[in-house]
Amino acid sequence: MRYVIIGNSYAGISTVEAIRNLDKEGEIIIISEEPYLAYGRPLISYWMGGDWETKHMYYRDKAFYDTMNVNLRLSTKVKTIDTKKKEVVLENGSRLGFDKLFISTGGTPFVPPTKGLEFAGVSPLTTWGHAENLQRLGKNAKRVIVIGGGLIGLSAVKGFGAMKKDITIIELSQRVLGLALDEDAGELIHAELNKKGVKIRTGRTVKEILGNDKNEVRAVILDNGEELFCELVVMAIGVRPNTEIVKDTDIKVNRGIVVDSRMETSVKDIYAGGDVVEAYDFINKDNRVLAILPLAFEQGRVAGSNMAGRERIYAGGMGLNSFPLFGTAIMTMGITITKEGDGLEVMKTKGKDTYKKLVFRDNVLVGVIMIKDTNYGGIYTSLITKQVKLTDAEKQMLLDGNLLDFEAQRESNMPWSSMNWVMQRPIKEHVTGVR
Amino acid sequence: MPIKKGERQKAKGKGQSKIKGQGSGVKGQNRVKGKGVRVEGQGKSKIKKTKKPVRSARKLKPSQKTKLTKKAAKARLPKKAVGVVKKKVVKKPVKAVKKTAPKASPAVPETRADMLSSMVHEFKRDIMVVPGKCNACADRGGPQCVEACKKAVAYQHTEIEPISRIIIKKASGFNIPLLCHNCEEAPCMTACLTGTRRRLAETGWVETDYDRCVGCWMCVMACPFGAITRSEVEHVARKCDGCTSYKTAPCVAACKPGAIVQTGAYLYDYNKRKEYAERLGYQQHLLGARRG
Numbered sequence: 086m087r088y089v090i091i092g093n094s095y096a097g098i099s100t101v102e103a104i105r106n107l108d109k110e111g112e113i114i115i116i117s118e119e120p121y122l123a124y125g126r127p128l129i130s131y132w133m134g135g136d137w138e139t140k141h142m143y144y145r146d147k148a149f150y151d152t153m154n155v156n157l158r159l160s161t162k163v164k165t166i167d168t169k170k171k172e173v174v175l176e177n178g179s180r181l182g183f184d185k186l187f188i189s190t191g192g193t194p195f196v197p198p199t200k201g202l203e204f205a206g207v208s209p210l211t212t213w214g215h216a217e218n219l220q221r222l223g224k225n226a227k228r229v230i231v232i233g234g235g236l237i238g239l240s241a242v243k244g245f246g247a248m249k250k251d252i253t254i255i256e257l258s259q260r261v262l263g264l265a266l267d268e269d270a271g272e273l274i275h276a277e278l279n280k281k282g283v284k285i286r287t288g289r290t291v292k293e294i295l296g297n298d299k300n301e302v303r304a305v306i307l308d309n310g311e312e313l314f315c316e317l318v319v320m321a322i323g324v325r326p327n328t329e330i331v332k333d334t335d336i337k338v339n340r341g342i343v344v345d346s347r348m349e350t351s352v353k354d355i356y357a358g359g360d361v362v363e364a365y366d367f368i369n370k371d372n373r374v375l376a377i378l379p380l381a382f383e384q385g386r387v388a389g390s391n392m393a394g395r396e397r398i399y400a401g402g403m404g405l406n407s408f409p410l411f412g413t414a415i416m417t418m419g420i421t422i423t424k425e426g427d428g429l430e431v432m433k434t435k436g437k438d439t440y441k442k443l444v445f446r447d448n449v450l451v452g453v454i455m456i457k458d459t460n461y462g463g464i465y466t467s468l469i470t471k472q473v474k475l476t477d478a479e480k481q482m483l484l485d486g487n488l489l490d491f492e493a494q495r496e497s498n499m500p501w502s503s504m505n506w507v508m509q510r511p512i513k514e515h516v517t518g519v520r
Numbered sequence: 055m056p057i058k059k060g061e062r063q064k065a066k067g068k069g070q071s072k073i074k075g076q077g078s079g080v081k082g083q084n085r086v087k088g089k090g091v092r093v094e095g096q097g098k099s100k101i102k103k104t105k106k107p108v109r110s111a112r113k114l115k116p117s118q119k120t121k122l123t124k125k126a127a128k129a130r131l132p133k134k135a136v137g138v139v140k141k142k143v144v145k146k147p148v149k150a151v152k153k154t155a156p157k158a159s160p161a162v163p164e165t166r167a168d169m170l171s172s173m174v175h176e177f178k179r180d181i182m183v184v185p186g187k188c189n190a191c192a193d194r195g196g197p198q199c200v201e202a203c204k205k206a207v208a209y210q211h212t213e214i215e216p217i218s219r220i221i222i223k224k225a226s227g228f229n230i231p232l233l234c235h236n237c238e239e240a241p242c243m244t245a246c247l248t249g250t251r252r253r254l255a256e257t258g259w260v261e262t263d264y265d266r267c268v269g270c271w272m273c274v275m276a277c278p279f280g281a282i283t284r285s286e287v288e289h290v291a292r293k294c295d296g297c298t299s300y301k302t303a304p305c306v307a308a309c310k311p312g313a314i315v316q317t318g319a320y321l322y323d324y325n326k327r328k329e330y331a332e333r334l335g336y337q338q339h340l341l342g343a344r345r346g
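Residue numbers (my numbering), protein chains in the order written: chain A, 86 to 520; chain B, 55 to 346.
Check the hints yourself; a few may be wrong.
[Claimed, not checked] Among the chain A residues that face chain B by a calculated CB cut under 8 angstroms, a handful are: (1) Glu119; (2) Pro120; (3) Leu122; (4) Gly125; (5) Tyr131; (6) Trp132; (7) Thr139; (8) His141; (9) Leu378; (10) Phe411; (11) Ala414; (12) Asn460; (13) Ser467; (14) Ser497.
No lab work stands behind these hints, which were simulated from the structure alone. We put the CB at the ideal spot given by N, CA and C, even for glycine.
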């Protein structure tokens with residue numbers, strides 16, 4: 086049995102682990118476009134800013150590939166997949182047969198057609214290569230313009246903030262992290278960014294990028310005609326699924342690669358996972374692209390298990406993220422932006438620089454925003470994923486009580502099955518002996 | 055049980071026949087008694103092995119016990135038996151012991167890592183909570199496990215006061231110790247973006263190299279038990295890493311009420327069955343018959 090895995094990041098690694106759990110003998114080949122071992126992708130902004138050492142970048146070390154008995158092919162590009170012959174066609178023309186294939190090509194940065202993209206100093210920020218490039222260019226730069234205020238944009242802000250640059254964010258919507266944060270949370274984050282000297286232009290886009298006679302970036306022109314001078318431009322508008330290699334094949338692609346509950350694509354024996362797929366979202370109850378790290382890992386695990394012959398179903402995921410921006414931790418899960426008349430119940434608390442918002446649908450928690458105070462946020466996550474019906478008292482406790490108190494309450498009411506040998510009996514029965 | 059009985063009977067029978075044959079009187083009898091005792095001893099040691107996890111329910115030191123009993127079985131007993139007896143007839147039970155001993159436990163782990171890895175497979179060294187037993191050490195001035203935990207992890211904290219990995223909360227009139235449950239497919243491991251929080255094959259625990267923790271709080275967002283604490287000053291997420299360098303975790307050693315125990319699959323199973331057996335009343339019956 087030969088397993089071929091395209092992509093050497095979170096989804097690919099978890100697939101390898103899942104396969105090796107069940108199949109110790111099969112041949113595993115990982116093909117990666119990049120020249121590095123698996124590295125922590127979100128760490129590139131920390132590394133760029135000099136807060137993170139190179140030796141700590143690697144997600145798994147060399148020994149991992151040896152113990153897992155993986156044939157790792159770095160700097161190898163896949164051109165297309167021959168689904169009939171079950172072969173992967175590499176860019177140098179050679180072909181690689183497979184019994185089971187896993188595609189986790191991830192995402193590519195989305196760059197809208199703009200004049201002046203060819204100048205030196207215009208770069209996206211999604212790979213370590215980009216970060217290396219930006220770090221090198223950043224040494225001579227003073228002013229940086231970040232186009233897009235999403236997670237990648239804020240990562241870039243964090244990296245350049247550590248490099249003490251003069252940063253301006255240009256964001257089309259009314260606030261940064263517009264997909265995850267509501268107005269109140271946005272205000273807090275804007276205040277935090279302003280405190281650090283980061284300028285934000287909301288509701289604006291870049292019309293044109295101007296260069297000098299050395300083909301270096303000189304300035305950008307906004308849609309209102311304003312001209313902002315800069316030495317670097319980071320394109321961080323968004324990421325699209327990297328479906329390049331499956332473009333002209335039988336594999337069905339919508340926005341991302343379409344997969345079923347076993348993470349199998351429309352072609353048998355070809356699986357996919359990670360940022361490239363459209364997987365089930367259990368909150369919105371549809372399939373969509375959720376480019377989120379823990380979900381990629383889970384999808385890889387499910388796919389790997391199915392590839393090695395043990396059936397496993399992907400339960401679904403939800404949009405969730407945790408992001409520390411300077412001193413302010415941001416945590417968002419599920420549905421966070423509500424409109425009037427959508428039948429969602431909202432509870433909020435607001436402190437001086439903290440904010441907490443809970444969103445309920447039919448007494449089930451479906452969304453959370455936490456700013457600054459993000460302790461024990463996983464308890465919310467578990468309530469959302471398990472779709473627990475909550476009483477009003479419990480809701481209030483979740484909003485203003487300590488989450489650990491809630492957890493202790495939950496454990497004391499629970500039949501003690503998960504933790505110890507007194508199965509099926511609530512704690513009260515155990516202590517009093519009354520059954 | 056039947057092995058033990060059989061051996062004892064055999065030994066006695068042979069001894070008696072010897073006395074008759076040799077006619078050496080009191081000395082012979084003494085010897086025979088001695089042999090009898092030793093054979094019993096061997097029998098006991100065997101039973102100890104099979105029931106080992108049972109006996110060490112409270113202070114579990116499986117590693118130590120296996121070592122001791124195996125040493126005893128291998129080194130001490132055969133020598134003595136051979137030295138005293140020197141007769142063909144009595145060698146049989148000794149041989150029997152030599153044959154059966156390796157079957158019960160195939161290899162004696164040489165190093166600590168070997169021992170732990172065998173424990174992982176055999177015992178799954180886990181720290182678990184016995185419900186309702188925690189009294190938050192009201193008589194000893196504060197929870198002792200928390201103190202022990204702080205002491206054990208103090209070396210990790212240079213900037214701040216040690217953070218206890220166990221938190222005791224009161225709910226519905228009970229004290230509930232909250233700590234890491236070492237999940238099989240741990241969400242914190244899944245969510246970790248640096249790969250520092252991962253299960254180590256040698257210890258079986260989800261452990262953390264805090265040098266590589268970047269403080270993204272992804273694991274805090276993923277843990278459903280609230281077992282991961284955000285240490286904002288140090289900017290790392292702290293969690294119980296099982297104290298796998300200790301034979302018995304310090305919190306377990308410090309827990310007098312027996313609310314936090316170090317246990318594994320065998321023990322878990324045994325105690326569960328014992329609970330059910332107690333409900334049936336078998337144990338009471340047995341104890342009554344034995345003690346008269």
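Checked hints:
1. Glu119: 16 angstroms, violated
2. Pro120: 19 angstroms, violated
3. Leu122: Status violated, d = 11 angstroms.
4. Gly125: Since the shortest Cβ distance to chain B is 5 angstroms, the answer is holds.
5. Tyr131: With Cβ-Cβ at 6 angstroms, under 8 angstroms, it holds.
6. Trp132: 10 angstroms, violated
7. Thr139: Threonine 139 of chain A check fails; min Cβ-Cβ to chain B is 12 angstroms, beyond 8 angstroms.
8. His141: The hint holds - histidine 141 of chain A has a Cβ within 8 angstroms of chain B, the shortest such distance being about 5 angstroms.
9. Leu378: Status holds, d = 6 angstroms.
10. Phe411: For phenylalanine 411 of chain A, the interface hint is violated, since the closest Cβ of chain B sits about 11 angstroms away, which is over 8 angstroms.
11. Ala414: 6 angstroms, holds
12. Asn460: Status holds, d = 5 angstroms.
13. Ser467: 3 angstroms, holds
14. Ser497: 4 angstroms, holds
Hint check: violations occur at hints 1, 2, 3, 6, 7, 10; the rest are consistent with the structure.
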